[in-house]
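Number of protein chains: 2
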Amino acid sequence: MSNHDLTCKHKMARQNGIVQPLLTDLYQITMAYAYWKSGKVNDVAVFDLFFRNNPFQGEFTIFAGLEECLKFLQNFHYSDSDIEYLMQTLPGNIEPEFFAYLKDLTCKDIKLSAIEEGSVVFPRVPLLRVEGPLIIAQLLETTLLTLVNFASLMATNAARYRMVAGKNVSLLEFGLRRAQGPDGGLSASKYAYIGGFDGTSNVLAGKMFNIPVKGTHAHSFVTSFSTLDDIHSVILRHAETQEPCNLLDLATEWRNRVSSVIDISPEEASDGELAALISYAIAFPTGFLALVDTYDVKRSGLLNFCAVALALNDCGYRAVGIRIDSGDLAYLSVLARETFEQIAEAFKLPWFSKLTIVASNDINEDTILSLNEQGHKIDCFGIGTHLVTCQRQPALGCVYKLVEINGQPRIKLSQDVGKVTIPGHKEAYRLFGADGHALIDLLQRSSEPAPGVGQKVLCRHPFQESKRAYVIPSKVEHLYKVYWKDGRVCIQPKPLLEVRERVQSSLRTLRQDIKRNLNPTPYKVAVSDDLYNFIHDLWLQNAPIGELS
Amino acid sequence: MSNHDLTCKHKMARQNGIVQPLLTDLYQITMAYAYWKSGKVNDVAVFDLFFRNNPFQGEFTIFAGLEECLKFLQNFHYSDSDIEYLMQTLPGNIEPEFFAYLKDLTCKDIKLSAIEEGSVVFPRVPLLRVEGPLIIAQLLETTLLTLVNFASLMATNAARYRMVAGKNVSLLEFGLRRAQGPDGGLSASKYAYIGGFDGTSNVLAGKMFNIPVKGTHAHSFVTSFSTLDDIHSVILRHAETQEPCNLLDLATEWRNRVSSVIDISPEEASDGELAALISYAIAFPTGFLALVDTYDVKRSGLLNFCAVALALNDCGYRAVGIRIDSGDLAYLSVLARETFEQIAEAFKLPWFSKLTIVASNDINEDTILSLNEQGHKIDCFGIGTHLVTCQRQPALGCVYKLVEINGQPRIKLSQDVGKVTIPGHKEAYRLFGADGHALIDLLQRSSEPAPGVGQKVLCRHPFQESKRAYVIPSKVEHLYKVYWKDGRVCIQPKPLLEVRERVQSSLRTLRQDIKRNLNPTPYKVAVSDDLYNFIHDLWLQNAPIGELS
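From first to last, the protein sequence lines stand for chains A and B.
In this text, residue positions in the first sequence follow the working numbering: the first is 11, and each later residue adds one.
In this text, residue positions in the second sequence follow the working numbering: the first is 11, and each later residue adds one.
I should point out that these hints are in silico values taken from the structure, not numbers from a laboratory.
Please note that a few of the clues may not be correct.
[Stated by the list, open to error] With a Cα cut of at most 30 Å, we get these calculated DSS-like pairs of lysine-lysine:
id	chain 1	residue 1	chain 2	residue 2
1	B	477	A	47
2	A	422	B	81
3	A	429	B	387
4	B	525	B	466
5	A	504	A	177
6	A	477	A	534
7	A	387	A	525
8	B	118	B	504
9	B	429	A	387
10	A	422	A	308
11	B	477	B	429
12	B	491	B	525
13	B	387	A	422
14	A	485	A	504
15	A	495	A	81
16	B	308	A	47
17	A	81	A	491
18	B	308	A	429
19	B	364	B	387
20	B	308	B	364
21	B	121	B	47
22	A	364	A	177
23	B	118	B	47
24	B	81	B	495
25	A	81	B	81
26	A	308	B	422
27	A	113	A	81
28	B	121	B	477
29	B	504	B	121
30	B	113	A	364
31	B	422	A	387
32	A	308	B	47
33	A	466	A	364
34	A	422	A	387
35	B	504	B	81
36	A	485	A	177
37	A	525	A	504
38	A	364	A	121
39	A	308	B	429
Let the sequences and hints guide you as you build the complete structure.
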């Protein structure tokens with residue numbers, strides 16, 4: 011079986027396990043019955059799935075989760091045991107024909123239009139437009155929201171970390187143990203990768219999604235060794251000559267030589283730590299990356315690491331680097347880099363100065379910004395809790411709103427104008443300027459012609475009459491494509507790696523001031539003049555009779 | 011197939027899908043290889059799983075996730091495709107015998123001791139103690155942490171909501187759409203129930219865990235009806251006589267009568283809303299709970315609801331109540347209760363004043379406290395985002411530390427004294443006072459005799475020499491039981507409902523000042539004099555040589 015087959019098989023196992031029609035709120039099913047009972051079986055509806063505010067006090071969001079939504083539509087089916095459970099759970103007077111109706115439901119009459127996965131998206135612009143029978147479109151609501159909300163939140167969070175870390179630093183997701191449940195961890199690994207991370211520590215995510223997996227050892231590995239006697243075997247064969255090398259002797263000798271270069275007494279260093287690092291190096295001579303903060307980075311970890319790295323060098327192997335998991339990461343990374351440079355100089359090994367420094371203690375966006383200011387020397391961040399739980403804002407607020415039924419537009423009014431929905435079947439366009447930057451997203455009624463390149467387009471704020479401007483786009487992108495129709499996927503989801511690239515290329519079309527961490531400029535989302543009038547006419551028709559509130 | 015069989019089947023499907031040995035950090039597997047390569051196959055270790063700080067600025071935590079941990083141990087097995095994936099992923103020079111070793115690994119030599127699931131627990135007291143072969147105990151780390159961290163965080167969060175809401179209010183979990191992934195939603199539903207919630211909207215959670223599921227309809231149901239003409243069928247048969255009743259005629263007539271009682275013109279009320287409520291009532295005459303804020307609670311929703319509820323009453327059915335999902339919940343709930351009381355009075359229907367009022371808009375602990383102060387009239391809260399994502403603190407920081415290897419204690423030192431581990435194989439006791447309240451948790455070396463009832467026990471702060479006190483317990487509870495040994499579960503996990511009851515009975519043993527929301531008193535965790543000396547002797551032995559830092 012190929013690796014790809016395996017991946018698919020495991021994806022499906024997971025999919026079948028949890029993402030199924032019963033993964034929904036009960037009220038979707040009670041509403042389905044009430045619709046069915048009210049003769050609305052043939053009603054057709056349009057629902058928009060969108061969010062109202064960008065997360066993390068930012069001004070952009072990355073849309074993700076589409077592939078999972080398509081798999082959900084494809085597999086949508088109530089099993090016999092689902093029906094049995096619903097018959098037990100719903101009130102006794104439900105007509106049996108309704109369960110027969112549910113049993114036969116599929117998504118063959120649903121049409122799903124969406125923005126491309128991995129795109130930069132903005133408030134109020136629907137990410138998904140679901141059209142089809144009212145009952146089935148309603149039954150999809152909760153699951154689609156669940157699949158889009160966390161995926162998009164995670165991808166956005168990861169993309170933000172990628173931006174503050176810069177292009178030359180590697181980012182690894184280390185969050186499984188603190189994630190919100192096993193699948194929270196898997197989703198985090200997947201969407202962190204899409205958002206711009208380079209790998210994960212989560213082995214199952216690596217297997218299921220073909221994401222690079224990374225990892226070395228923990229403090230417990232180091233503390234499991236007490237003295238040099240705890241080393242079982244000291245022999246490593248030379249990478250080329252295959253001659254046996256005594257790594258313990260070499261490392262002990264190097265520790266003395268290094269100690270005089272960096273002015274740290276070998277007696278201050280832990281022998282248990284040295285034993286652990288030698289054992290680790292014998293197991294992984296090509297991938298020696300050592301945790302150096304179990305005892306004391308300066309007085310023990312760096313000295314022991316350098317000794318073993320130089321011993322490995324004698325055996326024809328180059329060490330990879332170190333990981334620091336506590337303390338002042340800016341100071342310790344600078345100290346480590348200086349140490350590596352001293353060794354490189356003293357022993358004429360220029361590559362030693364370029365050893366990798368990984369840092370991994372409770373890192374978030376602000377920590378990275380602060381480390382940047384302090385001039386850290388870190389090559390790679392391992393990021394856990396703050397990334398995978400999206401600590402700064404652990405939920406994205408996507409909603410799913412009815413905007414049309416049987417060809418008639420629907421508007422949801424609210425005393426909070428930000429919660430008024432934009433009614434009707436709409437299209438979304440992104441207008442670009444001559445420099446390639448996105449200028450504005452424009453929502454129009456689907457009956458309107460698309461805005462033309464080089465033509466003056468009136469863009470209006472959806473609710474504030476005075477806010478309007480003409481835009482002359484150099485490029486116009488229609489944001490929706492039909493991904494699901496007639497019971498099948500129309501556009502195959504792209505491989506993860508391409509979605510990941512889409513995130514970066516999409517972000518490049520945004521002006522820097524929209525992306526920045528501190529006080530970013532809001533990106534504009536507008537409606538056409540036609541849609542503006544349509545909204546406000548409908549608003550007026552639905553205005554309450556009575557006093558002004 | 012019985013409902014219980016179905017439940018088990020689905021639990022296992024889920025379990026097999028995600029919780030498996032590869033759901034771990036890669037470094038566990040690289041460490042396993044380095045241990046194996048270092049001849050540590052027969053080393054035996056003791057690991058403690060514990061947290062250092064209570065979440066949510068509180069002073070207690072609820073331990074949950076044990077049942078899932080036991081299932082994980084039971085199913086622990088690397089499949090052929092897992093081994094194939096690891097062979098592709100680890101460096102090429104790994105010895106093939108290691109993969110054969112992994113292939114045969116099971117948890118038969120592991121012994122797992124734990125505190126009872128659903129118990130109140132405190133910082134530094136191990137929740138799990140894992141003993142057995144070093145390699146396998148190490149391989150369990152990440153998955154056990156994943157299973158305990160979110161489960162305990164969620165159960166604690168739910169228990170806190172239960173405390174602020176009080177006993178007489180129902181709590182429903184409505185968070186699936188905002189949860190961190192599909193399984194994040196399922197875990198949230200399960201552990202919210204354990205923590206004291208009364209039900210969930212999540213149908214799959216209901217099916218899998220046998221949790222009560224609740225839900226009615228959404229705003230989209232109401233907006234899908236525009237006028238009274240949208241009603242398909244107006245006939246409902248009388249509950250007893252089976253005579254056909256015209257619910258539309260009855261409700262229209264009642265709307266006029268009610269409007270004069272509550273002084274709201276029927277013309278201000280939405281006919282689409284009335285049509286929706288009539289249709290919903292015909293579908294669910296025994297469970298009529300209506301959302302009343304689609305247009306205007308005061309001018310439309312309450313009037314329409316009362317009209318339909320009174321019409322239902324004519325047909326022999328009693329309405330359940332209303333849900334309010336926006337606006338000033340204190341004011342609107344008081345308004346609704348007054349309205350129900352007016353109707354009860356006017357039409358001599360005393361039960362009408364007791365109709366259920368559900369509130370469900372962006373509710374968190376502080377909202378409930380504020381509503382309590384304002385004297386709300388809400389009977390039930392539906393809580394989503396803040397509950398299921400644990401917005402106030404989305405991760406619990408459980409760690410898994412090596413405390414003994416081959417009978418030798420291990421201590422992890424740190425410049426931060428709070429991060430120093432308590433070494434060795436230990437027991438934990440809870441000492442109770444004469445009034446039944448828990449006084450203190452005491453950690454001892456396993457070689458010490460248990461503290462005796464009525465005897466003076468010296469309890470010491472683990473790190474501060476001057477902090478000590480004698481306690482004379484009226485009751486002593488040994489906190490650990492062996493749950494897994496010799497390859498099988500020794501104590502069957504209790505049904506969810508019993509774990510849920512355990513949470514409440516365990517919380518009752520805590521003094522109120524420890525549980526309160528604002529500035530709670532810390533509960534004390536102490537060590538015996540013997541353990542104190544053991545820690546500090548070991549600390550001294552491991553103290554670095556060199557300058558004081």
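Q: For the pair supplied as a hint, residue 477 of chain B and residue 429 of chain B, confirm whether the alpha-carbon distance does not exceed 30 Å.
A: Status holds; Cα separation ~18 Å.
Q. Within 30 Å, alpha carbon to alpha carbon, are residue 495 of chain A and residue 81 of chain A?
A. Distance of about 13 Å is within 30 Å: holds.
Q: Quickly compare the C-alpha distance for residue 429 of chain A and residue 387 of chain B to 30 Å and report which way the hint goes.
A: Given that 30 Å is the threshold and the Cα spacing comes to 26 Å, the pair holds.
Q | Restraint check for residue 387 of chain A with residue 525 of chain A, where alpha carbons must lie at most 30 Å apart | A | holds (25 Å)
Q | Pair hint outcome, residue 525 of chain A versus residue 504 of chain A [Cα-Cα no greater than 30 Å] | A | This hinted pair holds, its Cα atoms lying about 25 Å apart.
(Q) For a C-alpha distance cap of 30 Å, please report whether residue 81 of chain A and residue 81 of chain B respect it. (A) Holds, at roughly 28 Å.
Q) Given the hinted pair residue 113 of chain A and residue 81 of chain A, is their alpha-carbon gap at most 30 Å? A) holds (19 Å)
Q: Would you mind confirming whether the straight-line C-alpha gap from residue 81 of chain A to residue 491 of chain A stays at or under 30 Å?
A: Distance of about 17 Å is within 30 Å: holds.
Q. Are the Cα positions of residue 422 of chain A and residue 308 of chain A separated by 30 Å at most?
A. Given pair residue 422 of chain A, residue 308 of chain A is violated - Cα atoms ~63 Å apart, limit 30 Å.
**Q.** Restraint check for residue 485 of chain A with residue 504 of chain A, where alpha carbons must lie at most 30 Å apart
**A.** OK: residue 485 of chain A and residue 504 of chain A at ~24 Å, within 30 Å.
**Q.** Given pair status - residue 47 of chain B, residue 118 of chain B, alpha carbons within 30 Å
**A.** holds (22 Å)
Q: For the pair we were handed, residue 308 of chain A and residue 429 of chain B, check the Cα-Cα distance against 30 Å.
A: Status holds; Cα separation ~19 Å.
Taken one by one, the earlier hints fail for this structure at numbers 1, 2, 10, 28, 30, 33, 34 and 38, listed in ascending order.
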